[in-house]
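Chains as they are written, first to last, in the working numbering: chain A, 1 to 476; chain B, 1 to 415; chain C, 1 to 495.
Since the hints were derived computationally from the structure, they do not count as laboratory data. Even glycine gets a Cβ: it sits at the ideal position worked out from N, Cα and C. Hints should not be assumed to be uniformly reliable.
Here are some of the chain B residues that sit facing chain C, going by a computed Cβ distance under 7 Å [as the list claims (entries may be wrong)]:
id: 1; residue: L340
id: 2; residue: A358
id: 3; residue: V365
id: 4; residue: D366
id: 5; residue: M369
Subject to a maximum C-alpha distance of 20 Å in a straight line, what follows is the list of computed DMTMM-like cross-link-like pairs (lysine to aspartate or glutamate) [said to hold, decoys possible]:
id: 6; chain 1: B; residue 1: K351; chain 2: B; residue 2: E339
id: 7; chain 1: B; residue 1: K362; chain 2: C; residue 2: D205
id: 8; chain 1: B; residue 1: K390; chain 2: A; residue 2: E156
id: 9; chain 1: A; residue 1: K364; chain 2: C; residue 2: D301
id: 10; chain 1: A; residue 1: K151; chain 2: A; residue 2: E106
id: 11; chain 1: B; residue 1: K247; chain 2: B; residue 2: D164
Here is what each chain is made of, one letter per residue.
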Amino acid sequence: MELSSFFLMRHELILLAIALVLIIAEIFIPKQKKSSIVHLAIFLFGIHTALGFFPLEESSLFGGMFRTNSLIHFFKNVLNIGVFIILLQSADWIQEKIVKLDRGTEFFILLFFSLLGMYFMISAGDFLMFYIGLELSTLPVAALAAFELVKRSSSEAGIKLILSAALASGVSLFGISLLYATSGSIYFHDIIEVISPDNLTILGLVLFFAGLAFKISLVPFHFWTADVYEGAPISVASYLSVISKGAAVFILMILLFTVLRPLMEIWENMIYGVALVTMFVGNLFALRQQNMKRFLAFSSIAQAGFILLGLITGTQLGTASVVYFVLIYIFSNLAAFGVVQAISLKTGKENIDDYNGLYRTNPKLSLIMLLALFSLAGIPPVAGFFGKFFLYTAAASEGYYLLVFLAVVNVTISLYYYLLVVRAMFIRTNENPIPFFNNKLYMRLGLGITVVGIVVLGLYSPLYEYIFELSAVFNK
Amino acid sequence: MGLSVLTWALILIFMGGAGKSAMFPLHIWLPDAMEGPTPVSALIHAATMVVAGVYLVARLFPMYYFVEEGFVLNIVAYVGAFSSLFAAIIAITQTDIKRVLAFSTMSQIGYMMMALGVSGYDGHEGVGYMASMFHLFTHAMFKALLFLGAGSVIHAVHSNYLKDMGGLRKHMPITNITFLIAALAIAGVPPLAGFWSKDEILVAAFENNQFLYSIGILVAGLTAFYMFRLYFGIFWGKETNYAHKPKESPRSMTIPLITLAIFSVVVGFIPFSEYVTADRLGFVAHINYPLAATAVLIGLLGIVLAWIFYKKENDLAERFAEAFGFFYKWASNKFYFDELYLFITRKLIFKRISAPIAYFDKKYVDGTMEGIGNKTVVVANKIKGMQSGKVQDYAFGFISGVVVLAIVFIYLWTN
Amino acid sequence: MDILSLFVVLPIIVIIALVFTNNLKQARQIAMTGSLIQLGMAINLLFAYIKEESINDSIFVFTKDIVWFEQFNIHYNIGVDGISVALILLTSIIVLAGVFISWKTYDLPKEFFISLLVLATGVYGFFISIDLFTMFLFYEIAVIPMYLLIGIWGSGPKEYSAMKLTLMLMGASALLLVGILGIYLNSNADGGPLTFSILEISQVDIPFEAQKLFFPLTFIGFAVLGALFPFHTWSPDGHASAPTAVSMLHAGVLMKLGGYGVFRVAMFLLPEGAMVWSWFFIILAATGVIYGAFAAIRQTDLKYINAYSSVSHLGLVLFALLMLNKTAWNGAILQSLSHGFMTALFFALIGMIYTRTHTRDITKLGGLLKVIPFISVIYVIAGLASLGLPGFSGFVAEMNIFVGAFQNEDMFHRVLTIISVSAIVVTAVYILRVVGIMLMGPVKNESFLSLPQATWYETTGVLLLLLPIVAIGVAPLWLSDMILKSIQPFLQGVL
């Protein structure tokens, strides 16, 4: 094995290097200048994100444990962009709240290690690597969820997450071992040769699926979501809702479309049911929420249900639509979380009622929120519309008209609660509204990027064409 | 119903015309529309607009005549005759002078319709058609004159009601004379205009349908009677105590009266039959002396009766009204047609159709749409308990999910 | 920039300009200028179309085709025929009138005009699109600003009405979306590629089973916006709460999208489906016609009266479209136009009356003819036009519809035609009832004696709308010729 082949792990290595640099910097930077570590982290991660766009060849390492190809590479870039936005949006929060506690560096290191886990997870070529990646991505997040030690709800969130995650990954591991038991290998390319829909394999599939469904927060594996989102710091919640979920969707899709394709008859029906339940439950719960974070939690559950519309297809079109949708979803959801973050940081207010009359005091923030919600709801001309439309098309092209119809019915329900927020911001008035405030540079940048993304990603069609071409790799 | 589409079409067109021309039972609008200012009534309702229905049928006359051998024409004739009689009876009982004129209009238009209905097509056969148009023409003159005269009277006494009038001939000589001319004309007294056209109508009816002819004659008598009841009531009889002493209207009002009076006298001499006929060829009309004499006599009889009843103060009229009590009450209430219509619109359409529809719309159609929305919220509330906040419940949910999926796909699916 | 894309681009430019305004004065001037230019463009388009159409035989002219999403064969594909040209003209007039009527929007003026123009952009885009995807996209763009427009600037239970309207229309688009996807995914029945292009799909024989399945979805999806019974209930509440200009645009333009979409998509692309289903939807449409008219009689709120009247009149559009013949279709398009102008005019007048008297309850109004004669007289004219008096546009449209409808020789069509015709009488009842109660009679409230007369901007707005009503009524032939020519290719699909 040549040294140069390590460059296939460029993402992982650079991220690891950044984490190490931060650890060293933590030691050498004097205490009163700790806030500069935020700049450093953002700067380094920015470079990392930019470097990620250099092309990478398709290959595998360690005898097939680690593999990469153009789509995986692209998806890592997508995750990078998402994390970068999260960093920008949380910079103020870290500087104002966390650095004081002398825990700023830890935040970045934990976040980066979790991201590293995701890299490995989606690059996995066998179930072992996959499992390691899964664990590495989950555990730091639990620590992050409990990051605001002063808040009890934050600790609660951490505990809930770690307990639920332990259960999920245990179940998942059990599933993997069953698959191993029936196929005799943990390597994907071996399993695909021998797998067949017998009972034990199906059980393995179900258990394995449950583990990932937990991360994607599909119903009924979603219960942790709302509590954790509500208790955890907003940056962590947004990380969980987009990055963690996105990576899990991606690897689930890869596994279903490649390794588990012989079981397609089973999993397409499984996904059909889970998709419906997820959409309906997510939406119905979201209807009643008052807290913005819980609200977004259930909304993100419902969105996960929509993503399954693409997964059910098993086609190149489905792959492309899912990746495209996840990309758009990252921008939309981060825009929403960003606004919540900004307001929460300045005023500590997180309830929908607190947003009454927001437009009259903070028009820009309201408009960003409006765009984000419209994008989540799938209203043209913002990107969410295109993402959803292509998902529907993918599902319908496989004949799932009824599912598409029910999904669109769900969009109508979701539109109701998204409009509730719009109503609060634009229509209602408030006796003591959230006062006008200016955001700092990082937050502005963080929000600005999301807005550009929401507006441009849909209208700019070459992007989709590009993703579609990349998607060919898993649908040969 | 065994009729061709064309027949139906003609019937429907006639119904349209009947509505416009206030034929029974679509007549109720006409008396009420007389609430408008007198010149408007005169111009639009009496002379021109209402006859549009007659004109419509006349214009389509060849179709009416040739389709199904004039089946629809019979309908036209009977509807016309009945309306004519019906309106004449009501007119006798009305006390509002404009309403009397309004029903008189309806009656005369019924005459025209009847004439069309009994008409033939070729040459002299088409006398009914010619007579109808002729009467339409002459009627316009004296009816407008009557309305304007009534307007002049109302202007002088500030009331529409006969009881507020009487003895005006001394105060309003011009109005008196012109009104008299018009009344004579409509009563069919020669040589005024009405005589000529009415005579032709009766000739046509006589030649085609004796029964309709008898109705025509009866109506002619009634017409003369109620018209002179009106005339004597206004210009003769006992002088009422007027709040303001009535005086002749200004020249701007009398000149039109005089002009129309002249026309009412002369237009009957126009040889109408040479210009306007069903087959457009023209013929020379002759007076059928026996028929003309009968008509004139009947007319004069009506006038005389009116003279007896109304010229001098007496209670003959009241006694007759009492004698015919029930019938009189019906007639003076226009046979309760207004009430019937009001019942249909207010009670049936508004209350029984519109209101339920509006209610149904709000309650059920809208309610269904609302219900879908509300049910969603209710369900959302119901399932709220699923999210208890306890990790052990979450774990239970998780495991249940796994178990359900496993059972479904292992046992139910694969078997 | 081609002549059609400008219709979408110009509102966007105006919107951007509006963002930089600071007060009502600037905002309304920019909005007015923009709408004026748009009207100019629409008139120019009309003449250009008439010229072009004489030398160009294609169904759509001024077409432009840019590939957008290659993978799905989604194109930015635009073009117009006589029908869309007429509707674009309608839109531009109503938008301009709407701007005039909203001259005194004090609360968030800039946002108001921006939302209004977003709506207009969607409508223009919808009318010029001949690609199903872009059509759907613009359809939703046109619908969604209604939420803010009613919610922010509305009155009464505005939050409720806005939400109801938005959700019902968006719910309808769920059906529509499935319908469109169904059409799209069956557009390769002849072995060609999948396509969203209306022209290309119309050449394809979509399998009968698919037509049967997707026609009702597409039809209802569009027709809900056209207030199809029993999916019309968003409309009365929506109108009642909406500010004047929004009611105008909504009833005048937005609801036309429904009929237009039915015609362009459901009927044109799924003709066999239309044959199978027409009986069912004819019953619904006829019910709507008569039902809306009767419901209108009982209302006391002017806006509700007009909203139900719209249900009735637009039911007639759908009714005529389902009659599947040339005359009726011509009538349907004419009715769309005519109703657009009339109802916008009504809402403008209602708004003017409301701003003066602060009530829309006709039982509280009376004798307005003596107090505000100009507004009252125009109201009477609008009413007469609405009940189909010859000389106004409504007559031309309804005449065509019923003549066309009666050309179907079977009992079913004829009976329903007769039922629908009788709605005209009911229309007269509710129109004259309002005129009688509100405009005639004694002045019921002394404070009404000093009501101000119509201002110049109101007068301008009102006359802008009145002009086409009379113009179409007096000289309908040039318009109906244009429409008839455009109907021809669609007819071939059906017969």
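Consistency of the hints with the structure:
no.	hint	verdict
1	L340	violated (17 Å)
2	A358	holds (4 Å)
3	V365	holds (5 Å)
4	D366	holds (4 Å)
5	M369	holds (5 Å)
6	B:K351 x B:E339	holds (15 Å)
7	B:K362 x C:D205	violated (43 Å)
8	B:K390 x A:E156	holds (10 Å)
9	A:K364 x C:D301	violated (38 Å)
10	A:K151 x A:E106	holds (18 Å)
11	B:K247 x B:D164	holds (15 Å)
In this structure, the hints that do not hold are numbers 1, 7 and 9, in rising order.
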